[in-house]
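Asks: Protein chains in written order, with the working numbering: chain A, 1 to 210; chain B, 1001 to 1210.
No lab work stands behind these hints: they were computed from the structure.
The C-beta atom is built at its ideal place from N, Cα and C for all residues, glycine as well.
Check each hint, because a few of them may be wrong.
Covered by chain B, according to a simulated footprint, are these stretches of chain A (three or more residues, beta-carbon under 8 Å) [said to hold, decoys possible]:
no., segment
1, 69 to 81
2, 114 to 122
3, 200 to 208
Beta-carbon label-pair distances, calculated as ranges [what the hints assert, rightly or not]:
no., chain 1, residue 1, chain 2, residue 2, range
4, A, 118, B, 1060, 45 to 55 Å
5, B, 1150, A, 43, 53 to 63 Å
6, B, 1034, A, 4, 22 to 32 Å
7, B, 1038, A, 61, 44 to 54 Å
8, B, 1038, A, 142, 20 to 30 Å
9, A, 154, B, 1042, 48 to 58 Å
10, B, 1188, A, 172, 43 to 53 Å
11, A, 174, B, 1080, 16 to 26 Å
12, B, 1210, A, 125, 29 to 39 Å
13, A, 207, B, 1125, 23 to 33 Å
14, B, 1142, A, 193, 19 to 29 Å
15, A, 209, B, 1125, 22 to 32 Å
Derived, one-sided and incomplete: chain B residues facing chain A with beta-carbon distance under 8 Å [stated by the list, open to error]:
no., residue
16, 1031
17, 1066
18, 1070
19, 1090
20, 1094
21, 1097
22, 1124
23, 1125
24, 1140
25, 1144
26, 1146
There are 2 protein chains.
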Amino acid sequence: MTLHLHCFGESGHSYKAALGLTLAGLDWQPVHVDFFAGEARGEAFRRDVNAMGECPVLDTGTERLTQSGVILHWITDRTGLLGGAERDRYEVLRWVLWDNHKMSSQAGMIRFLLNFLPAEKRPEGAMPFLEGRLAAALGVLDAHLAGRDWIVGDGVTHADLSCCSYLFYPEPFGFDREAHANIDRWLANIEALPGWKHPYDMMRRAWPAA
Amino acid sequence: MTLHLHCFGESGHSYKAALGLTLAGLDWQPVHVDFFAGEARGEAFRRDVNAMGECPVLDTGTERLTQSGVILHWITDRTGLLGGAERDRYEVLRWVLWDNHKMSSQAGMIRFLLNFLPAEKRPEGAMPFLEGRLAAALGVLDAHLAGRDWIVGDGVTHADLSCCSYLFYPEPFGFDREAHANIDRWLANIEALPGWKHPYDMMRRAWPAA
C-alpha cells in the first residue's frame, strides 16, 4: 500500500521524512500542501490533518503521524533501516532533538523570513539574533563532524537526515557550505547515498503561492 | 547508585529531567552548573560534559545522556514509568519534539532575554517576533488540552513533563496562566502528582552569577 506524505518542496522538515522514506525504499507519494496560501494553518488542515498546523504528516493507511522525528522512528520500526545501532539510539535521538531545538528551527525560520515573506513584513530586528543562534548551532555541528563521516556511529541515521535537511536548499539563509569543511564533507557523504534526491526533485514547490 | 544531573534552577530543560527523575522515584543529586557565569559554554564543560554546551546532562554512572527528551526516555526504559501506553509512544514523542521546536525553545529564550540578560544587551527587535511565536504555540497546546487531563492518553507522560516545564516559573516571559484555562487546569493536575516539586525546590539557582 502506498504511503502518503503531506508536504511541500520548501519544507526542510518534510524533506527529512521524504528522504527517509526514499532511502528506506518505501512506496510513497507526496500530497501537496499549498503552504504559502495558508493551507497548513487553515481550519480544515488543523481539523483533518494536523492540529499543530505543520508539515510533514505521514498517512500510513492506519494512522497519521506528525513531526519528522516521529516519522523517521516509524520508518525504522517498519524497515529496520536508518535507526543506527541499538547501543546508539539515545545518541541518535539526542541529535534529532538538538536539531529540532537549535538548528533546523533557526535555519527554517531564517530561510522563511528572508525568502518567502514580503520584505515589508520581515521582522528586521529579529534577524541578527536568529542568525547568531544559527551560526552557533552550525559551529557545534561542524566541530562534532571533525573526523567523523556520520553524526552517530558508522552509517547514516535519523540524526543525519534531521540535521542535513535545510542545508541542501539553494535559497540564502546564512549557511555557507564552503565555510564549514566538516559539514561540507558530511553533506557530500549524504548526497552519495544510493537513491539520494534533492528536496525539489521529490516534492512540488509551494512558492510562489498561486 | 546515585544518579547525577548537571543542571541549574532556572533551566526549564533541566527541570523536565529533574521532575521525571523525581516522579519516577529515582535516587538523584543535582550537580550545579554556574550557567550565568558561562560554565556551560566554556571549554571544559564542552570537552568533559556536553559538547552542545547545554544542560541538563545525566550521569548514570555508565553513560552521560544529554537532551531532556533523551533523559526522559532513559527514565522510562529504566523504570517503566512516565512513557505512556505502548500504542501512544509516537504521540508522546510528537509532543516532545513539538515542545523542543515550538514551545520551550521560545519560552526559554524569551525568559532568558527578559530576566537574565542586562537590558542593554537585549535584542529588542527580536522580542515581538519571539513573543508571537510563543503565543501561537500556547494556543495550540491550550486547544489540544480542551477536554483532556493529560496531553497523551490518561496519565502523565514525557509529553506533559516536556511541555509544562517553563510554565511553572515565576519570571515574566509572556505566559499568563489565567488566560489559558485548559493549560491552567492541566498544570494543576501536574502539581497534584505525588512528589511534584517546583524547579527552585529541586535545583539551586544560578542567577545572579557570583
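Asks: Against each hint, give a clear statement of whether it holds in the structure.
Replies: Quick rundown of the hints versus the structure:
1. Look at the segment 69 to 81 of chain A against chain B: 4 of its residues bring a Cβ nearer than 8 Å to a Cβ of that chain, three or more, so the hint holds.
2. Figure legend: the segment 114 to 122 of chain A, annotated as covered by chain B; annotation inconsistent (0 residues with Cβ-Cβ distances under 8 Å, at least 3 required).
3. Check on the segment 200 to 208 of chain A: 0 of its residues sit with their Cβ under 8 Å from a Cβ of chain B, so the three-residue criterion for coverage is violated.
4. Checking the proposed 45 to 55 Å range against residue 118 (chain A) and residue 1060 (chain B) shows it holds: the Cβ atoms sit about 50 Å from each other.
5. For residue 1150 (chain B) and residue 43 (chain A), the Cβ-Cβ distance of about 25 Å falls outside the hinted range of 53 to 63 Å, so the restraint is violated.
6. Between residue 1034 (chain B) and residue 4 (chain A), the C-beta spacing of about 50 Å breaks the proposed range 22 to 32 Å.
7. For residue 1038 (chain B) paired with residue 61 (chain A), a C-beta distance near 51 Å keeps the hint of 44 to 54 Å intact.
8. Taking the beta carbon of each, residue 1038 (chain B) and residue 142 (chain A) are about 21 Å apart, inside 20 to 30 Å as hinted.
9. Residue 154 (chain A) and residue 1042 (chain B) have their C-beta atoms about 31 Å apart, which leaves the hinted 48 to 58 Å range violated.
10. Roughly 47 Å separates the CB atoms of residue 1188 (chain B) and residue 172 (chain A), a value that falls within the hinted 43 to 53 Å.
11. Evaluation of the 16 to 26 Å hint for residue 174 (chain A) and residue 1080 (chain B) yields a failure: the beta carbon distance comes to about 44 Å.
12. Roughly 33 Å separates the CB atoms of residue 1210 (chain B) and residue 125 (chain A), a value that falls within the hinted 29 to 39 Å.
13. Distance hint check: the CB atoms of residue 207 (chain A) and residue 1125 (chain B) are about 25 Å apart, consistent with the given range 23 to 33 Å.
14. Taken as a hint, the range 19 to 29 Å is violated for the pair residue 1142 (chain B) and residue 193 (chain A), whose Cβ atoms sit roughly 42 Å apart.
15. The supplied range of 22 to 32 Å is met by residue 209 (chain A) and residue 1125 (chain B), whose beta-carbon atoms lie about 27 Å from each other.
16. A cut of 8 Å between beta carbons decides the hint on residue 1031 (chain B): the least distance to chain A is about 19 Å, and the hint is violated.
17. Restraint check, residue 1066 (chain B) versus chain A: the minimum CB separation of about 6 Å is within 8 Å; hint holds.
18. Of the supplied interface hints, the one on residue 1070 (chain B) holds, with its beta-carbon coming within about 5 Å of a beta-carbon of chain A, less than 8 Å.
19. Given the 8 Å rule on beta carbons, the hint for residue 1090 (chain B) holds: about 5 Å separates it from the nearest Cβ of chain A.
20. For the restraint placing residue 1094 (chain B) at the interface with chain A, the shortest Cβ-Cβ distance is roughly 5 Å, inside the 8 Å limit, so the hint holds.
21. The beta carbon of residue 1097 (chain B) is positioned within 8 Å of a beta carbon in chain A (closest approach about 4 Å), and the interface hint is therefore held.
22. Proximity of residue 1124 (chain B) to chain A holds as hinted, the smallest CB-CB distance being about 7 Å (cut-off 8 Å).
23. With its C-beta approaching chain A no nearer than about 1 Å, residue 1125 (chain B) sits inside the 8 Å limit, and its interface hint holds.
24. For residue 1140 (chain B), the shortest C-beta to C-beta distance to chain A is roughly 6 Å, which falls under 8 Å, so the interface hint holds.
25. For residue 1144 (chain B), the interface hint holds, since its Cβ comes within 8 Å of a Cβ in chain A; the closest pair sits about 6 Å apart.
26. The beta carbon of residue 1146 (chain B) comes no nearer than 11 Å to any beta carbon in chain A, farther than 8 Å, and the hint placing it at the interface is violated.
Against the hints set out earlier in the document, violations occur for numbers 2, 3, 5, 6, 9, 11, 14, 16 and 26.
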